[in-house]
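> Here's the letter readout for the chains.
2 protein chains.
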Amino acid sequence: MSKAKGSRLERELVTLFFETNNFMPIRVAGSGSTPLPAPDLLVGGKGRVLAIECKAGKDSRYIKKDQIQELTEFSARFGAEPWIGVRFDRLDWQFLKVGHLRISKGGNYFINKEIAAKSGISFQELTGIYKQEKL
Amino acid sequence: MSKAKGSRLERELVTLFFETNNFMPIRVAGSGSTPLPAPDLLVGGKGRVLAIECKAGKDSRYIKKDQIQELTEFSARFGAEPWIGVRFDRLDWQFLKVGHLRISKGGNYFINKEIAAKSGISFQELTGIYKQEKL
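As you go down the protein sequences, you meet chains A and B in turn.
Quick note, the first sequence lines up with residues 174 to 308 if you use this note's numbering.
Quick note, the second sequence lines up with residues 174 to 308 if you use this note's numbering.
Some hints here could point you the wrong way.
Copies of the same chain are indistinguishable here, so a pair counts whether it falls within one copy or spans any two.
[As the list claims (entries may be wrong)] Calculated lysine to aspartate or glutamate pairs in the DMTMM-like style (CA-CA distance at most 20 Å, straight line):
{"hint": "1", "residue 1": "LYS219", "residue 2": "GLU254"}
{"hint": "2", "residue 1": "LYS231", "residue 2": "GLU243"}
{"hint": "3", "residue 1": "LYS176", "residue 2": "GLU246"}
{"hint": "4", "residue 1": "LYS219", "residue 2": "GLU246"}
{"hint": "5", "residue 1": "LYS231", "residue 2": "GLU298"}
{"hint": "6", "residue 1": "LYS219", "residue 2": "GLU243"}
{"hint": "7", "residue 1": "LYS178", "residue 2": "GLU246"}
{"hint": "8", "residue 1": "LYS291", "residue 2": "ASP232"}
{"hint": "9", "residue 1": "LYS178", "residue 2": "ASP265"}
{"hint": "10", "residue 1": "LYS278", "residue 2": "GLU254"}
{"hint": "11", "residue 1": "LYS219", "residue 2": "ASP265"}
{"hint": "12", "residue 1": "LYS278", "residue 2": "GLU243"}
For the record, the hints were derived by calculation from the structure and aren't laboratory data.
Nothing here was measured: the structure is a model prediction, and the numbers come from that model.
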């Protein structure tokens, strides 16, 4: 996936959160390029803070272990819930906990459509607009 | 103040927060250039979230009313405490509530060394490293 497409999808998700009227999203500057751990998005609202690492792909995606470790460390220290937001082609955003990712060789992580369908929750479930059924 | 100097001072403040070990700071992407309200920095930790608009100057500084309105709106919706961080030449960072700024003509805001000395709190007071005396 190109960097431009990743940025476009991140902005798409920012707009989704902004339009809920309950949550306030921001994109983190230099995510992935600063020495300090940082997620792609931070979203606050309804007494919660969500730290979201965004991933997109055709139907599967590897995620480096360092990125997941950073997400976990950042969230613990900031006081945020760590989430992986995944956007596969022709599907809506789905959100997973770190524990739902599959661990691949070398300690890296892997996510595909099947895992997301089984363990992921929708934007509406994440934001509490609909009842959460899979948590 | 140049944009480069502003960015350098923001990064300086990010490092200060990071080094507390209690707080986790991020710089917001596109602050001041996106259609959505956003502060310069977001800092989480110890059950708090601080939204900080950073200003630097020789010994005084005007702040546009739109920026203060954005900071207030953002903070209310995100669930963050709104703060103005001000860094005057040869002085450490000082932090003020919106209500401590002076309102200038046209509904804009004004801050100088005198106001900051009277109503501002230090980084140590903001982060609770030392006792807060002025709040």
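> Run the structure past the numbered hints and jot down the numbers of the failing ones, going up.
Hint check: 2, 3, 5, 7, 10 and 11 fail, others pass.
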